[in-house]
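Join the two chains into one complex using the hints; note that each chain is given alone, in its own frame.
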Amino acid sequence: MKDKIERLLQEKIRRETEAKTRRHFIKQCATGMGGLALGSIFAGCGDFLKDEKSFKKSGFSDRDLNPLATLAPPFGPKVKNVIYLHMAGAPSQLEMFDYKPELQKLNNQECPQSLIQGKKFAFIRGTPKLLGPQANFKREGESGNWVSDNLPHFKKVVDEVAFLKAVHTDQFNHGPAQLFMHTGSPRLGRPSIGSWVTYGLGSDNQNLPGFVVLTSGGKAPSAGKSVWGSGFLPSVYQGVQCRSKGDPVLYIEDPDGISRNLKKSTIDAINKINKEEYARYADPEILARINQYEMAYRMQIAVPDVMNINDEPENIKQMYGVEPGKESFANNCLLARKLVEDGVRFVQLFDWGWDTHGTGRDTAVDIGLRNKCREVDRPMTALLLDLKQRGLLDDTLVVWGGEFGRTPMQENREGKEMGFKGRDHHGDAFTMWMAGGGIKKGAVHGQTDEIGFSGVEGRVSVHDVHATILHLLGFDHEQFTFDFQGRPFRLTDVEGEVIREILA
Amino acid sequence: MEVVKQLLGRLHPLIVHLPIGFILLGLLLQWHDRKNGQYSKVISLIYLWAGISAVLACITGYLQYLGEGYGFDTVKWHLWWGIATALFCFVMYVRLREWKTIYFISKIPIIVFSILFFGLISFTGHQGGNITHGTDYLVEPLPNSVKSALGYKIFEEKEIALNAANWEEALLYEDVIVPILNNKCVSCHNPKKVKGELLLDTEEGILAGGENGAVVVANKASDSEIFVRMNLPKDNDDHMPPEGKTQPSKEEIALIGAWVDAGHPFEGTIAESGLKQELFQPFFPTKIDNDYPNIEVAAASKDSIEAIKDKGIHIDKISEATNFLKVSCLNKPSFSDSDFDLLNPLINQIAILDVAGTKITDAIFDKLTKLPNLTLLNLDHTNISGEGIEKLASSSKYLKSINLTGTHFKEPHLQKLADFNTLKKVYVFQTELDVKGPKTLNDGQITVDYGNYELPTIASDSIFY
Chain E
1 MKDKIERLLQ EKIRRETEAK TRRHFIKQCA TGMGGLALGS IFAGCGDFLK
51 DEKSFKKSGF SDRDLNPLAT LAPPFGPKVK NVIYLHMAGA PSQLEMFDYK
101 PELQKLNNQE CPQSLIQGKK FAFIRGTPKL LGPQANFKRE GESGNWVSDN
151 LPHFKKVVDE VAFLKAVHTD QFNHGPAQLF MHTGSPRLGR PSIGSWVTYG
201 LGSDNQNLPG FVVLTSGGKA PSAGKSVWGS GFLPSVYQGV QCRSKGDPVL
251 YIEDPDGISR NLKKSTIDAI NKINKEEYAR YADPEILARI NQYEMAYRMQ
301 IAVPDVMNIN DEPENIKQMY GVEPGKESFA NNCLLARKLV EDGVRFVQLF
351 DWGWDTHGTG RDTAVDIGLR NKCREVDRPM TALLLDLKQR GLLDDTLVVW
401 GGEFGRTPMQ ENREGKEMGF KGRDHHGDAF TMWMAGGGIK KGAVHGQTDE
451 IGFSGVEGRV SVHDVHATIL HLLGFDHEQF TFDFQGRPFR LTDVEGEVIR
501 EILA
Chain V
1 MEVVKQLLGR LHPLIVHLPI GFILLGLLLQ WHDRKNGQYS KVISLIYLWA
51 GISAVLACIT GYLQYLGEGY GFDTVKWHLW WGIATALFCF VMYVRLREWK
101 TIYFISKIPI IVFSILFFGL ISFTGHQGGN ITHGTDYLVE PLPNSVKSAL
151 GYKIFEEKEI ALNAANWEEA LLYEDVIVPI LNNKCVSCHN PKKVKGELLL
201 DTEEGILAGG ENGAVVVANK ASDSEIFVRM NLPKDNDDHM PPEGKTQPSK
251 EEIALIGAWV DAGHPFEGTI AESGLKQELF QPFFPTKIDN DYPNIEVAAA
301 SKDSIEAIKD KGIHIDKISE ATNFLKVSCL NKPSFSDSDF DLLNPLINQI
351 AILDVAGTKI TDAIFDKLTK LPNLTLLNLD HTNISGEGIE KLASSSKYLK
401 SINLTGTHFK EPHLQKLADF NTLKKVYVFQ TELDVKGPKT LNDGQITVDY
451 GNYELPTIAS DSIFY
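Protein sequence lines, in the order shown, are assigned to chains E and V. Note that the UniProt record's numbering has the first sequence beginning at 1, numbered continuously upward. Note that the UniProt record's numbering has the second sequence beginning at 1, numbered continuously upward.
Because the hints were derived from the structure by calculation, they are not lab data. The reader is advised that the hints may include incorrect statements.
As the list claims (entries may be wrong) - Here are the computed distance ranges between Cβ atoms for each label pair:
id: 1; chain 1: E; residue 1: P74; chain 2: V; residue 2: D443; range: 35 to 45 Å
id: 2; chain 1: E; residue 1: D159; chain 2: V; residue 2: D341; range: 36 to 46 Å
id: 3; chain 1: V; residue 1: G444; chain 2: E; residue 2: P255; range: 52 to 62 Å
id: 4; chain 1: E; residue 1: P74; chain 2: V; residue 2: I59; range: 52 to 62 Å
To be verified - Taking lysine-lysine and the DSSO-like style, the derived pairs with C-alpha atoms no more than 27 Å apart in a straight line are:
id: 5; chain 1: E; residue 1: K155; chain 2: E; residue 2: K441
id: 6; chain 1: V; residue 1: K424; chain 2: E; residue 2: K440
id: 7; chain 1: E; residue 1: K338; chain 2: V; residue 2: K400
id: 8; chain 1: E; residue 1: K338; chain 2: V; residue 2: K410
id: 9; chain 1: E; residue 1: K105; chain 2: E; residue 2: K120
id: 10; chain 1: V; residue 1: K309; chain 2: V; residue 2: K400
id: 11; chain 1: V; residue 1: K311; chain 2: E; residue 2: K441
id: 12; chain 1: V; residue 1: K311; chain 2: E; residue 2: K275
id: 13; chain 1: V; residue 1: K397; chain 2: V; residue 2: K410
id: 14; chain 1: E; residue 1: K440; chain 2: V; residue 2: K250
id: 15; chain 1: V; residue 1: K436; chain 2: E; residue 2: K441
id: 16; chain 1: V; residue 1: K425; chain 2: E; residue 2: K338
Nothing here was measured: the structure is a model prediction, and the numbers come from that model. Cβ atoms here follow ideal geometry from the backbone N, Cα and C, with glycine treated the same way.
Next up, chain V with everything else stripped away, as it sits in the complex (with noise of 0.2 Å):
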């Protein structure tokens, strides 16, 4: 019987829809019989075929309700609503076919009838769909501004800011942890949703722990769920975030590991703390380190640079993130010293130039001095001497490394280099310089390396097991 029961339950979502389709088909028979008033007997069979079809809905709905354990709060309103959607389809049955005996329902018109009914169904329908698919299922899809506009809670990322200056001072729990928490957990487990019936949005949700207990134990995050569980092998069953959602970084692991330990407190500085910085220092902004200049630059013209490429002349963007340019003559080894003017709409732009290999000759210094944004410079293997390299100077701002290998580079011009505030490498193997190994400029600042490494034969070599 109790299966019965259940499968005639689970019968609900289905049986449900021939009282709606049947309504509203009465409805709109009404309306296009609005003129003539031909149909009436026939809208009002229908109607009794919608009376009849919801009561079914009814009591499949009441079997539904005992067999899949909703709470009576949740269904109330479905349930109240649709008892009396079924009995207005018989009062409508009863208006249209204008039983004397009835008369007080004979005086109302019929439109207000009609209104009514089509409300009626339209809110049962929807508090029914509320029940399987939640409230905000139709909210969810939209845009996050139409959503907050509407009044609904939206889902936002929170950011950890931290720096190496404020970060003692920075709240332990409100700034690091609830980020963190925000972020790779709660959108699950939050008031809507309440995964394992455990909330994480909030102080007293975590200290109320899930339907498997406690998630924190005071200072010995080995023993508390929400560590234990992050710290699983991702293919594990119980491993938190499942398989397919955004993972928590090592780093984010870490401290809420290290937050545990501390004895998970709620209010506090991270000085208070007294956590370690190397805890949060992944968190502090990076020092940025790209082969050019930390600036904006406008992008290069898209038909020049094709001009350009149809020369033969490799022209790239460094990555998607920057306007600035790599430029490479790998495939022109004719590229000559006229033919950097070439090179005049990307001036710019240029962060990388490679002309390595190619015809240029100390003229290119000259010319050199227009690209402002120039980075790294490879003018290994060409003729150039180094004659006039000091016009670099003070043209480009960030110029950090230079490659001289396999040219005739000339001891005095080596000099010269040390007026260069930003270059970091200057490569001379193989140039007329005869010495060996990495040697320094400015005090460090630029490291000149000569190359000629050697691996002196040593008694090993030779030796045979």
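The following block holds chain E by itself, in its conformation from the complex (with noise of 0.2 Å):
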């Protein structure tokens, strides 16, 4: 026993020698040396750090202590918020934006060669042929834009959004194009655009996370929750997924029998802890640790009261369409509106079921596309207008679309002809729209060859899309770097233009 009590003494010897020597000298004086010198010179050793006040005085940053402390954008911002819809599975753009007259008269009729040759598609194999558009178009508003009768309440905010026509992404599998669209690469390991924002200017409401994750439609989007992680950046920038439907975030609700006193009485004997750890070290993280377990325990009440949409006036409620206690695109473009009024900087939503094959009703594009869009197009219509109405679209961008978009061929799985109208995978040219501040009104940018099949003006990539969500707010995505592995890295990689023709 006494061999053991002298081991552990030993340990905490040892600890501290280690603390004292390699974690101070290299954490402390790299990060704050000019402060740290000047600080010891005139308040002598020993106490000048004793607290966050004095801390900061010694020329550490807010953020040292807190991560998601905010930061000033380096340039002239439009929008301080973001809400990215995103329709996982890929949305037909024929059926919805992308009107195609001439593929309607050449329906039925094989695909040419030349269109195929060399390309790559998920399922199509041999000669496809192609498939007319299954959705009758009007030109809507004032702007006269292109929509679907698929989408009867969006053609009211057609003049609020700008539509880019041919986006590409060189992806064609939901996986891997739903990370490049979400983090610029298709492979696992980088921030996506959330976590970037959330970096980069922090979150306004210290009671809420900055960067949260509404799902819907079932199912999580194929490429798992890579697609709101923090990749190389801090962890403490991934997403936050919420659900509408039950907790609304995991284990924060108090288990049985605790108190939400004894609770508090937890955190503080943990921070009082973490405090007299703080006095020996004075290392940042032990305060931005501190700072965590606060949060935590302000997020307990704040998170389940922003999710609570049962008190909304009922007219809200029949405006979104909402469904109380489900899990629903409705419920939880509702909650995103309440995000941004509350200040959080970043909402993410992704509603699975858009991946229209033809292989059964469902997956139909006549049939069961139709039904999905019945499921977004009340809801998304219903944001940008509350979004309106209360001053919030100013200073948010709203981004729809998918992860690339579908062929002008009917598919044909493994050669053969299938029951159902459907379409394959594809990354040539689809469309997307951003709505909000810095956005103008009713542009459309882009156009896609007479079959939709690639863009033959103003195509752009994904990192443009990427480089101009940046820009509205307030970055120049080629400035905008994190350190790692011995380079800087981009959101954008080493490509990417600002969309300048859908600015105001």
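Here's what the structure looks like:
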């Protein structure tokens, strides 16, 4: 027994020396050498870093204490928040926004070889047949932009949005394409847009996470949680997934028999120990941890509150078409507005079910797709209108899109004719739209060829979309970097150009 | 044999350091021994070795000159001075051995020889370095001011200075094309670097083309390498400028194309070229539309910002490019009219004020008149009724937007907003005004958004396929 205590004491002494020499020197001196040196000269050693306040005075920033502290963007921002609506599975642009009458005329004709030679498709084999648009289109609004009758509500807000008609990606499978769309790389390991933005700007609301993710459609995105992961950025910047059904954040509720007071005492006790630890080692990581505990405690109250849609007025609920207690895109859209209203920086919505291959009724472009359109049409329209009437659309950017588009050809899985009308994955040209602060209302950028196969004008890449989002938030995407593995990394890698054509 | 020759040639940069080392060692020893003269035999031996290695260096140097295809003009000085250095090694050897037979050499003082020798080796070495690294190798890292003082030409970005008034009179080539080429191409295609044997810094260079022939085909941008290469995908090996270099913008590339399509004129104004204004529009200075006044303001003191932040009020610069501040009480719902006095040290810097959801009352309007640069004002979800809002009309010269959503704002105060000269947007959703949609005031200057938007149920809402 005595022997063991002896060993413990020795370990304690060893740890302390380690901390004093290596950690103290490298961490402290590397981050705030000037402050420390001056501080120790003027204030003497020992007590000048004893709490947060004196700590700040010694030259450390808010960020050293709280990784979510807000920072000013380098340039004048047009928006401060982003709501990104991702239709996971890839919606068919040809039944929603990209009107191709010529494709109707060529319906059921064999696709010319020249078009598909050397191209890779997920399921199409041999020579597929062209499939005309399975929806009626009309010019809508003052802008006269095309919208299909699959989106009868969205027609009313068509003048608010700017369309990108010729977005392209080089990925043709869901997982990599979603990763590419959200992290700028089809491979794992990069931070998502929301993480970059939270890292760059911090979080306004100290009681809520800065980056919230909401999913609907019964399935998580194919790429998994990496699409809202923080990659090589500190994990505090990753998206926090909230649920519109059940507990909004898993494990945030106190366990049975633990009262709020007891919880508070627990956190106070932990933080007291942490503060003592800090007084001894003066490591800013410890202060950051203390802040995290306190934020988690505040979140227990704030998150269930903001995630509760029952108290919204009836007319608002009706406008979104919410179904309280269920997991739905409508609920998530309403939540997105509430979160942005409460200062959440980046809200990411994923809605699964857009993978319309035509393998069954649910995935037919003339059956299942219409149901999906109905599910999102009212909520996304309501979201734009609701943001607008609250003045939030002035400083919020709404982005809508999928991970790629769909082929103008009827899918012929394994080379066989299929029972339902479906389209395969297609990355050459698809439609996205943006609305909100800094966006030119009613603009259309990009144009596809007669059958909607490729962009012929105004082609923009996924990197261009990212560059534009960062630009609107006040960043130069080429300067906004994070050093990792010996080199600076960017969201846009070495590419990307701001799409000025859709900027106001 | 050819292989041996080339290989030996490539050993020149290695071998050349042997005589340099020997000679410097010899000179240092001479200095050390200047009084006693004890080491002259050793020193002479060192110079003998220096001479032998210098001959080897000359031979390998000559082989390198043959093998690597240098022009004689490039290497001639290095070559002659190298040979001279080798010979001088032997002269030094002879002088130090004090052979009486070669009488005249021993008459000249040894110090003269040493100084000459030092000059010779330095000059020859420098000439060699110039061949390998280029003549401005050592000048390059110097700051531009020093470079220009030394008489070196420096690379300067040129700006395209166009605006809506002068664009037609501007010279197409001189004022538009030259800056683009200069900023994005000339750093590699200039007389010093001549990548791909192409010069893009002069009219003659552009017309002469490069190693793959012409770069401009008159009136056909789509056949002109200069335009085609810039449009290739960035990962294509032939894309110009190469990966990693500053890329021209889409608009700049479009202008190069339009210039070639117009017959790449080197003279004449834009108007004479007949090119359309859209091409030049992106280069006009843009209207600045920030959420803060377009004026300069002194930075607020850090200490006062910190002190207010400690009270739980958010303060951030709107961006790093300005001293104007955004103040938000998002995390301080207890903020009341009296707390406003906390903000006194920042009254000139505050451009965005967000006191939404706080305990403020109509008394706040008196206080808000202290903020001369207020641009965006969020008063939503508070108890104000709008009493006194007209006071802001004269005090805030820059006010663009007021958010009154979820307040008790009353109809009579709405009309007072007509006196706000800069106001553009007012949000009065969920107030006591029960109107739908946007209305305008002051002939469209101000949009008052009453909200209450609706999406009525339509038949298709309940059609399930």
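Okay, P74 of chain E versus I59 of chain V on CB: inside 52 to 62 Å?
holds (59 Å)
K338 of chain E and K400 of chain V: Cα distance at most 27 Å?
Since the Cα atoms of K338 of chain E and K400 of chain V sit roughly 24 Å apart, the hinted pair holds (cutoff 27 Å).
Holds or violated: K155 of chain E to K441 of chain E, with C-alpha atoms at most 27 Å apart
Holds, at roughly 14 Å.
For the pair supplied as a hint, K425 of chain V and K338 of chain E, confirm whether the alpha-carbon distance does not exceed 27 Å.
holds (22 Å)
Within a Cα-Cα threshold of 27 Å, do K424 of chain V and K440 of chain E meet the stated pairing?
holds (17 Å)
With a cut-off of 27 Å on the C-alpha distance, tell me whether K436 of chain V and K441 of chain E pass.
With Cα atoms ~21 Å apart, K436 of chain V and K441 of chain E stay inside 27 Å; holds.
CB-CB spacing for D341 of chain V and D159 of chain E relative to the 36 to 46 Å hint:
About 44 Å separates the Cβ atoms of D159 of chain E and D341 of chain V, which means 36 to 46 Å holds.
Supplied distance hint 52 to 62 Å, evaluated on CB atoms of G444 of chain V and P255 of chain E:
holds (59 Å)
Taken at face value, is the distance from the CA of K275 of chain E to the CA of K311 of chain V at most 27 Å?
holds (21 Å)
Distance restraint between K105 of chain E and K120 of chain E, which requires alpha-carbon spacing of 27 Å or less
Since the Cα atoms of K105 of chain E and K120 of chain E sit roughly 25 Å apart, the hinted pair holds (cutoff 27 Å).
Has the given pair, K338 of chain E with K410 of chain V, been kept, meaning a C-alpha gap of at most 27 Å?
Satisfied, since the Cα-Cα distance of roughly 25 Å is no more than 27 Å.
With the threshold set at 27 Å, check whether the alpha-carbon distance from K311 of chain V to K441 of chain E stays at or below it.
violated (40 Å)
The earlier numbered hint that this structure contradicts is number 11, and it is the only one.
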